[in-house]
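All chains should be modelled from the sequences, with the hints used to inform the complete structure.
Going line by line, the protein sequences match chains S and H. Throughout, this note's numbering is defined as the position within the first sequence, counted from one, plus 140. Throughout, this note's numbering is defined as the position within the second sequence, counted from one, plus 140.
Think of the hints as simulated: they come from the structure by calculation, not from any bench. Treat the hints with caution; some may be incorrect.
Coverage of chain H stretches by chain S, computed from C-beta distances (three or more under 8 Å per stretch; other residues unrestricted) [as the list claims (entries may be wrong)]:
id	stretch
1	145-154
2	176-183
3	194-208
4	227-240
5	244-250
6	257-266
Here the structure is a predicted model, which means the values were calculated and not measured. Where a beta carbon is used, it is the ideal one built from N, C-alpha and C, also for glycine.
2 protein chains.
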Amino acid sequence: MAFKAELDGHSFMVDADAQFGGQNLGPKPKGLLLTALAGCTGMDVVAILKKMRVQPSLFEVDVQGDLADEHPKKFVTIVTEYRFEGEDLPVDKLKKAVSLSEERYCGISATLAGNVPMQSRVLLNGEPV
Amino acid sequence: MAFKAELDGHSFMVDADAQFGGQNLGPKPKGLLLTALAGCTGMDVVAILKKMRVQPSLFEVDVQGDLADEHPKKFVTIVTEYRFEGEDLPVDKLKKAVSLSEERYCGISATLAGNVPMQSRVLLNGEPV
Numbered sequence: 141m142a143f144k145a146e147l148d149g150h151s152f153m154v155d156a157d158a159q160f161g162g163q164n165l166g167p168k169p170k171g172l173l174l175t176a177l178a179g180c181t182g183m184d185v186v187a188i189l190k191k192m193r194v195q196p197s198l199f200e201v202d203v204q205g206d207l208a209d210e211h212p213k214k215f216v217t218i219v220t221e222y223r224f225e226g227e228d229l230p231v232d233k234l235k236k237a238v239s240l241s242e243e244r245y246c247g248i249s250a251t252l253a254g255n256v257p258m259q260s261r262v263l264l265n266g267e268p269v
Numbered sequence: 141m142a143f144k145a146e147l148d149g150h151s152f153m154v155d156a157d158a159q160f161g162g163q164n165l166g167p168k169p170k171g172l173l174l175t176a177l178a179g180c181t182g183m184d185v186v187a188i189l190k191k192m193r194v195q196p197s198l199f200e201v202d203v204q205g206d207l208a209d210e211h212p213k214k215f216v217t218i219v220t221e222y223r224f225e226g227e228d229l230p231v232d233k234l235k236k237a238v239s240l241s242e243e244r245y246c247g248i249s250a251t252l253a254g255n256v257p258m259q260s261r262v263l264l265n266g267e268p269v
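Below, the structure is given as structure tokens:
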């Protein structure tokens, strides 16, 4: 089941779990879609916060999705958690950067919008804001 | 702009082009969505052909997408090319495996269906079939 992916001059393996005949030589395809969303919106937020002169000490994006039980096992929900850490960060600007990405800039979000119910949460220093 | 992606026990970098402040330390997010689709449908086709006892000597999946010109730069078309090589391969079974993936099994296709016009082509030993 393993495929060698070649993309933007980089190559890596994509594989299935053992239960589907794979050997876990690389990430699974479904997770790559979530990674695409995480990277897309994460880069937006970094770029927007930079323009706002807001500099978190740490920024992580965690994307989780649920799949349909029956074939085709499409995504039925996607939840994106934006985790910021840092002192004296302006909550309103963090949330504004996230909403600008989700509503205006992120091409992956826009590609999925309407087909998959998507939620998001913003955490600052471990607390929802 | 670079993020370290952690997925299924594997980690790799995701990055942007230099024009958007990246250093090309890893693939870009938009391409990861296409890779997700390629891997998902490719694994389906391998599994279906195995059940049909059809064994190509080579099988590649090439996925190309076009993005909108304006923000949000979502996918506006995706074209998937299935490339098989081998002697005496049954064209009808190759095409059946592809259509079963596209219409019934591939969860990534189903996640995108309706939002993005998708086309596909099947090539056998370099010739469209």
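Do the hints match the structure? See the list:
Counting residues of the stretch 145-154 of chain H whose beta carbon lies closer than 8 Å to any beta carbon of chain S gives 7, which meets the minimum of three for the stated coverage. Residues of the stretch 176-183 of chain H with a Cβ under 8 Å from some Cβ of chain S number 7, which satisfies the need for three, so the listed coverage holds. As drawn, the stretch 194-208 of chain H meets chain S at 3 residues by the rule of a beta-carbon pair under 8 Å; at three or more, the given contact holds. Only residues whose C-beta sits within less than 8 Å of a C-beta in chain S count toward coverage, and the stretch 227-240 of chain H has 0 of them, not enough to reach three; the restraint is violated.
Counting residues of the stretch 244-250 of chain H whose CB falls under 8 Å from any CB of chain S gives 7; the rule of at least 3 is met. Taking a C-beta to C-beta cut-off of 8 Å, the stretch 257-266 of chain H contributes 0 residues in contact with chain S, too few for the three needed, and the coverage statement is violated.
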